[in-house]
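Assembling the complex is the task here: the two chains are given apart, and the hints tell you how they should meet.
Protein sequences, first through last, are from chains V and G. According to numbering that gives the first Met the number 0, the residues represented by the first sequence are 0 to 365, in order. According to numbering that gives the first Met the number 0, the residues represented by the second sequence are 0 to 330, in order.
Keep in mind that the hints are not guaranteed to be accurate.
[As the list claims (entries may be wrong)] To give an idea of the chain V side of the interface with chain G (calculated C-beta under 7 Å), a few residues:
{"id": "1", "residue": "P138"}
{"id": "2", "residue": "G174"}
{"id": "3", "residue": "Y340"}
Because the hints were derived from the structure by calculation, they are not lab data. Note that the Cβ used here is the ideal one computed from N, Cα and C, for glycine as well.
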Amino acid sequence: MTHQIEERGSNLEDQFPVLQLLSPDGTWNSDQHLELLTEERTKRFYEHMVRIRTFDKKAVSLQRQGRIGTYAPFEGQEASQVGSALSLLKDDWLFPTYRDHGATMTFGHSLKNILLFWNGRNEGNVTPEGLNIFPPGIPIATQIPHAAGAAFAEKIKGTKNAAISFFGDGATSEGDFHEGLNFASVFHAPVVFLNQNNQFAISVPVSKQMKTKTIAQKSLAYDIPGVRVDGNDVFAVYYSVSEALSRARAGEGPTLIEAVTWRYGAHTTADDPSKYRSQEESAERRAYDPISRIEKCLEICGWHDEKWKKHIAEAAMEEVEKAVMEMEQFPPADPAVIFDYVFQEPTSSLIRQKKYLLDGIGGREG
Amino acid sequence: MKTSAKTRSLTMVGAVTDALDSMLASDNSVLVMGEDVGVNGGVFRATDGLQEKYGENRVIDTPLSEAGFVGAAIGMAANGLKPVIEIQFLGFIYPAYEQLMTHASRLRTRTLGRFSVPLVIRAPYGAGVRAPEIHCDSTEALFTHMPGIKVVCPSNPYDAKGLLISAIEDPDPVLFLEPMRSYRAVREEVPEDVYRIPIGKGKLIQEGKDVTIITWGAMVPVVMNAVNSLKTEQISCDVIDLRTLSPIDEEMIAASVQKTGRTVIVQEAHPSSSVGNDILSIINESSFLYQKAPAEKVSGFDVPVPYFGFEDFYLPTPERVKKAIVKVMSF
Chain V
0 MTHQIEERGS NLEDQFPVLQ LLSPDGTWNS DQHLELLTEE RTKRFYEHMV
50 RIRTFDKKAV SLQRQGRIGT YAPFEGQEAS QVGSALSLLK DDWLFPTYRD
100 HGATMTFGHS LKNILLFWNG RNEGNVTPEG LNIFPPGIPI ATQIPHAAGA
150 AFAEKIKGTK NAAISFFGDG ATSEGDFHEG LNFASVFHAP VVFLNQNNQF
200 AISVPVSKQM KTKTIAQKSL AYDIPGVRVD GNDVFAVYYS VSEALSRARA
250 GEGPTLIEAV TWRYGAHTTA DDPSKYRSQE ESAERRAYDP ISRIEKCLEI
300 CGWHDEKWKK HIAEAAMEEV EKAVMEMEQF PPADPAVIFD YVFQEPTSSL
350 IRQKKYLLDG IGGREG
Chain G
0 MKTSAKTRSL TMVGAVTDAL DSMLASDNSV LVMGEDVGVN GGVFRATDGL
50 QEKYGENRVI DTPLSEAGFV GAAIGMAANG LKPVIEIQFL GFIYPAYEQL
100 MTHASRLRTR TLGRFSVPLV IRAPYGAGVR APEIHCDSTE ALFTHMPGIK
150 VVCPSNPYDA KGLLISAIED PDPVLFLEPM RSYRAVREEV PEDVYRIPIG
200 KGKLIQEGKD VTIITWGAMV PVVMNAVNSL KTEQISCDVI DLRTLSPIDE
250 EMIAASVQKT GRTVIVQEAH PSSSVGNDIL SIINESSFLY QKAPAEKVSG
300 FDVPVPYFGF EDFYLPTPER VKKAIVKVMS F
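Isolated chain G, as found in the complex (with noise of 0.2 Å):
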């Protein structure tokens, strides 16, 4: 990826933020909505300073009600605007699931391309940060099995603003969901050009043979930690960073798992009907016969995301990926 070289040092929320700030000073059809994006800058200060420098009509607080400003925001962007809606918690965004599944995801498909619905939603998502109840889901596979919207979740800053600008840019709505677990965890040069990294493109973010290891979001860091303490072991994972759940990287899965035969999904989600489930069928269909042993899959489990007291018995943890990539090794 060309950019210039000048780069800022800045944390995923950072870059979240830049990426909005590029997108709303190039693109004057760009907008932001939501709840608390004005003057409070979104929960997470996401939108910090932007209502500020565009205006209350570029950077708008809506009232609170998801399915309505969603539905708003579906005959906006049919309108020839691209709002960028913040839903606050992933788990806040079931009332604009109607919404959703039956307008922004197949307007285009009822309207032979009449109209369209270029929208994003971003949502933090995920456990891990001692939240309240219900700010921890992790439900992505609710919005993959939707037909006509784009799933991507990335996992560091650099990606996040990449992507964000590309999720601006689609001409179809995407969901962008933004593992607050990693909103601060760490500062990375970003560059301070706007740049794009393709959506349905996953990334090698490590190069091995011996075990593929899928995962995303906030479970990066996670197996990153796993894969590291292996090293003694002489154990070399090809670790795959999906950055987007839908489309999925099919050609990414197929050719690392044909090199190494041997598979760990980790994903933070319920296992049940999962992108995880997805990615197995994909390997079933693309490399059955390379394989040298039964993929594992490391997961949450198919219970409501605990309360913050339990929500460490819930999230994968390093050495549940270690045993897994150790079992796959050892078949």
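The following block holds chain V by itself, in its conformation from the complex (with noise of 0.2 Å):
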């Protein structure tokens, strides 16, 4: 019996091989959907992901001066944030986590509210309007039957819009992955469950979290499409989640997507990622990176040109300037707010623990 099992196991690996059209040298692999493979999307890639990563490395070292607070870095993790923000149409709505917000800024999202989150202000919660953004999920999984909800609501009204939900391995540890996968299965929702497989829970492995050597796996519970693809390959990022939101616009369900990548840095800047894991393995990660690989693409393609690409790098870090510049010069957090945004109208109790608390400060100049 044990032995069947242990069998079974094995062949579930190989029933959900890992989805790769763009090789880490740069090489498309087979013609497997080569129609993808064109010069301007191969540079929007490209130009997405340095932005996204501009922005990671500028926001470590904001922290690292004291500028914003506790950070979440994605670096290594572009492809699957660019690949899967870049699939969703602008009535969609997006569910990230802590460490999804290089989607949300390719979604559309502002730089300057972003930085404002990182540095305590719900101001960078408030999302463009009309852009269906939640604030980042912190407790994990919990984010994932919202996106189950909202994908429900948007077939109870009779439209095509579809969500994303967003989290990581060891969300599906968590009784919400379920729950919320149950519930998008049994009303056939129309959203895409994002997972992104970084490996890491903080410090614990995925060998250490589940017994299942794939996530992509668990959607045979539930009875749904489960795929998974190269985390760090933009393409079949790009590919899968396409696919699953054409057919949960179709009628045809929720998917689960588990994208294989890898963050290079730590959990947050508040750990030391050395403590947990050789920071060699993350060094040899460097081979399998995103970016790197639609440079190398890009040359194979003979679509490379210096000029463009400094100029993606000087706009990148431009827009990221600009955006710390925006957030810093914000005005100071005013106490009213923490007040004005719990009900839609204030209870008695509030007005008075708003004058008390305006009155001992001297109100937003405090």
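What follows is the structure, encoded as structure tokens:
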């Protein structure tokens, strides 16, 4: 019996092969979906990934300088976040975690607001009007049922809009993951569950998080499609998320996608990854880097243009620096804000508490 | 409250059904969700006949996962719908506590109003019906402690309908506690029309001059039983049915205590960190110098709500209430 179960386990890994379209050496894998490989798209992917990595590196350095609070870096996961965010349509819903602002800024959230968020300001969670991005899910996996519900609401309203929920490998141990997938599968909710399997939940490796070899196979329990992709291959992520969204819009229900990736850095700026994993391993992962493989691809395809590349890097830096300036010039925290959005209409006790605070510290100048 | 003269004789659970029916009929964004709320009409029949009338897309049987469907309902509420969830018993709400505490109650604050959660969670609560274990909790204080969510608790059919309609129309999350002991205890004439009872306002159900009695939900009939038996002893009571536990009607409490100078609080819940303690704090802040006697609090005990073989020991009785009244009168 035990033997049979073990055998089945290895078969399941075979059943969910990792889809990779663009190899780490920059060449296309077979002729599969070759139509995706256009100069325009490749350059667009590259531009977005450079943009979000520039932001990420800047944010880590801002934290080191004490100019923002604790920060969760995503470097290494750019392909998963850009490939998925660029698959969305304007009216879709995005439910990120605290490590998915690469996706939210690609979808249209403002860099200034993302920095404000990391600097302790709720104003940072206010997305541009009409852009459906929830504030980052902080307790692990709790945003997954929200995505199922928002998607179900779109189905009830009879639209073609869909939702995507981001989450990590550790999240799949949480009840909310299973409850969210179950709910969505029962109601055929138009939602994509995008797992970024970056191999570690803070310090705990996937091997200690779950017995299964893949996360994609957890889809079997809910009888929904499960797909495993190279999360450092922006083309594979873009392709699989786009496919899943098309299925969702066509009324075919949810999909679970496991994007296998790696975060180079710490869980947040508050921890030291060398304590729980070898840094050589992280350095070796650079060989699979999502951005450098696009650079190689551009060269192989003859689309490489040094001037353009330099321009992309400079434009990204300029945009990020501008956002930093806007964040730092943002008006100081107004104490009234903590009272004004608890309810639509404040209760009399909130009015009293607000007055007490404002009288005590001299209002906004405090 | 102006309503049409047409009324129907309803129990409290019937009034809840009537409110849900009215709101499903008048607002397409209203949905009823929960375990067994569809074909079965809910474990207490509060949603009886609604799925047949409004279809499976409006009255939705969900999978058995309180955290999952409350979480999903948060996403639905943020996306323009108004889910009215039934939790079968308050004692089963705890898996959803995280979703309520970390999301429903603070999404508006976190996003400065960009998103809000117009969600109603109905939950029968309380002991005294010989129900199985865990089915009898009165843990309202776990939710009154939570900023960003309102807690409503009617005691009779008329208030149940008017408050539930207000809760469904409220732009913020509301926990709606239904005393299961009172579900079918009395019938009352309830207007057929839609009417609203404001959230946050108590009701002075009896006027008196000697003692203020503050209570809510399933304890209202217990208090009235005690008060009626004291009439022969010439003790006249102001009886406040709070109806909303968060935000609490501080003005009504202060006005009454300042009139009588004596207070008895009656609650079914555990006494520690309870709504009753909050009321004492309100009295302390608003009416300290008006008091002629230390206020009394009649509660359950700081023990897990006992299995039904013991529940009569736990529940406040008219006798315990009477003793407390006599005590504040004889101070």
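Outcome of the hint check:
| no. | hint | verdict |
| --- | --- | --- |
| 1 | P138 | holds, 5 Å |
| 2 | G174 | holds, 6 Å |
| 3 | Y340 | holds, 5 Å |
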